[in-house]
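Novice: These protein sequence lines map, in sequence, to chains A and B. Residue numbering for the first sequence is 0 to 480, as defined by numbering that gives the first Met the number 0. Residue numbering for the second sequence is 0 to 135, as defined by numbering that gives the first Met the number 0.
Don't take every hint at face value.
Derived DSS-like pairs: lysine-lysine, alpha-carbon spacing no greater than 27 angstroms straight-line [unchecked claim]:
hint: 1; chain 1: A; residue 1: Lys40; chain 2: A; residue 2: Lys8
hint: 2; chain 1: B; residue 1: Lys75; chain 2: A; residue 2: Lys440
hint: 3; chain 1: B; residue 1: Lys119; chain 2: A; residue 2: Lys39
hint: 4; chain 1: B; residue 1: Lys75; chain 2: A; residue 2: Lys149
hint: 5; chain 1: B; residue 1: Lys1; chain 2: A; residue 2: Lys40
hint: 6; chain 1: A; residue 1: Lys138; chain 2: B; residue 2: Lys102
hint: 7; chain 1: A; residue 1: Lys18; chain 2: B; residue 2: Lys119
hint: 8; chain 1: A; residue 1: Lys40; chain 2: B; residue 2: Lys119
hint: 9; chain 1: B; residue 1: Lys102; chain 2: A; residue 2: Lys440
hint: 10; chain 1: B; residue 1: Lys75; chain 2: A; residue 2: Lys138
hint: 11; chain 1: A; residue 1: Lys440; chain 2: B; residue 2: Lys1
hint: 12; chain 1: A; residue 1: Lys258; chain 2: B; residue 2: Lys91
hint: 13; chain 1: B; residue 1: Lys102; chain 2: A; residue 2: Lys140
Keep in mind the hints are simulated off the structure, nothing from the lab.
Here is how the chains run, residue by residue.
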Amino acid sequence: MSTEYDLQKIDDYRWLIPKSGGMLVPGLIFASENMLLHIKKDNTTLQVANVAHLPGIVKYSLAMPDIHWGYGAPIGGVAAIDAESGVIAPGVCGYDVDCGIRLLRSNLKKKDIEGKVPELTRGLYQNIPSGVGSTGRIKLKTGEVKEVLKNGARWAVERGYGTPEDLKHTEEEGCMPQANAEKVSQRALERGREQLGTLGAGNHFMEIQEVTDIYDEKVAQAFGLFPGQITVMIHCGSRGLGYQVCDDYLVVMGRAVQKYGITLPDRQLACAPFKSPEGQDYFGAMAAAANYAWANRHCIMHWTRETFMQVLGMSTRDMGLELVYDVAHNIVKLEEHKVDGESRPLLIHRKGATRAFPQGHPSVPEDYQEVGQPVLIPGTMGTESYVLVGTLQAMDETWGSTCHGAGRAMSRHEALHRERGEAVRDRLEAKGISIRAGGWKSVAEESPNAYKDVAEVVNVCHQAGISKKVARMKPLGVVKG
Amino acid sequence: MKDFEELAHTADMRMRVSGRDLKTLFINAARGMYYLAGVPRKGKAGRVVSVEVEGLDEVDLLARWLNELLYRLNVKHTVLHNIDIKTLLPTKLHATGNQFHLKPADVQVELKAATYHNLKITREGKVFSTEIIFDV
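Isolated chain A, as found in the complex (with noise of 0.2 angstroms):
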């Protein structure tokens, strides 16, 4: 599909749409030379154009470099709107509110767990429900899921999953104050009983990794990590329940788009006033929504220290698996940025991207105020992740946001045409990583070759200097939903 528009060259890393038809502002897409064929290729600069047409946006609408195909706006993208004059979008948010990556470090080294691998991933997948649909070790009552939607992760940490100290290092605390349950409707709260706790399907999962690189030493010390360490990631977010927010509320956006007379080239970009009464109770929904994502994750980290204790027969002191950072890379947060010198509240629509807040920023945990936030970006099944911290440049340049992951290149189509998921399975395992799955077709979906090389996204940030690169896991042993 060829776009309908020319990218400007500004430097290595930048390329500016300029301006035209009913663009408020220009599009800016963070990207290589070699990244914009796929961009290209793709749908993708026509979905950041239209992300500039929603009225209050400010400056850019931006794409961080693993942008690529969505719907409404682009995965990758990042929008600033004036909270006073502007609009918020459920669709600029996404289906999965506050889908996000947690990652734990240790004290281990990759010999603590030399052969015990394969178990340890068979534990995850046993202990941590997934696959489609999947349905938790936890049931609630409807009023209970209200609870969780009020008090987020601070709910699981009162019923024993995760610890005082892990809410310290998760966005938000785990917690959205903003949150109103009585926004969210019966449907989504029925969806959140049964599933809180559980990873489910598409591109989430779990990884055993090993610190393989670490690249800022000062930082990585902070951050707990070093070279050679055992570490855990998990990615999954709010499930039924956030999907079915984004749905009911891109109806009542529907019918605010005409009761306020907005003009959007896309109806999946619908919106409201952010002041108006349909604004608001998006705006609550959506974070009682991220707060029942937090607390999902919380969940799923403590049966993880809960399946390392069973396999490895150590306690949680020894093993140390601690809560590096937690970040929402499908939300919208309001929060204060300079805009020309002057501080305004803007609401940062981040969609597929992932807040990079710097040093001495207030909402950067105490331990990392001294080097700033960390950022989580996971690669694929078969390639690294990395580790990387927020930068003053990002709060100048993107409102302190940066890429989210590798970034699919492939269609889950052509990949299931491509190979075969027992055959993704014996590379992977042919490379010493451990796979465990609900099926193997979304293994094949998932396969390593769908994507673009993650390396490449992380260095354009980097090169960017929208966030620097801290550290790299190779995977070890990886669960699929």
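Assemble the complex: chain A is given as a structure, and chain B must be docked to it using the hints.
Specialist: Just chain B now, with coordinates in the frame of chain A:
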């Protein structure tokens, strides 16, 4: 003219649907969606059920129709076969169908939603068609 066919999409799933009239287009869209989700044809026979959906216009109605069926599939684990659309107005749809119960594991792909992205219904001669992107 195929009733439905899967098209490539980098991150999600995309389907082209055709029908000799609008009602058939809506029925084929439902059949195609079940195909993408990997839903098996067999199931425990259920009773005839009714589905009513309202929308702002035909395009909105199409998205809401599919998302209503998706909710029933993902949450209630039911699939509708032998769909008969009784009423199809620009803002209202009434359909009936045989409801079959599935096991949760019968659904192979978790379709999160039928999206509105570039969603439109076109008519060329006597053929209605549309392209739908599903979030996966």
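Novice: Determine for every hint whether it applies to the structure shown.
Specialist: So, going through the hints one by one against the coordinates:
1. A/Lys40 to A/Lys8: Measuring from Cα to Cα gives roughly 17 angstroms; hence the hint holds.
2. B/Lys75 to A/Lys440: holds, 24 angstroms
3. B/Lys119 to A/Lys39: Distance of about 23 angstroms is within 27 angstroms: holds.
4. B/Lys75 to A/Lys149: Within the cut-off at roughly 26 angstroms; holds.
5. B/Lys1 to A/Lys40: Roughly 26 angstroms separates the two Cα atoms, so the pair holds.
6. A/Lys138 to B/Lys102: With a Cα-Cα distance of about 19 angstroms, the restraint between A/Lys138 and B/Lys102 holds, given a limit of 27 angstroms.
7. A/Lys18 to B/Lys119: holds, 26 angstroms
8. A/Lys40 to B/Lys119: holds, 22 angstroms
9. B/Lys102 to A/Lys440: Roughly 18 angstroms between the alpha carbons, so the hint for B/Lys102 and A/Lys440 holds.
10. B/Lys75 to A/Lys138: This hinted pair holds, its Cα atoms lying about 16 angstroms apart.
11. A/Lys440 to B/Lys1: Holds: A/Lys440 and B/Lys1 sit about 25 angstroms apart, inside 27 angstroms.
12. A/Lys258 to B/Lys91: holds, 20 angstroms
13. B/Lys102 to A/Lys140: holds, 23 angstroms
No hint from the list above goes unmet by this structure.
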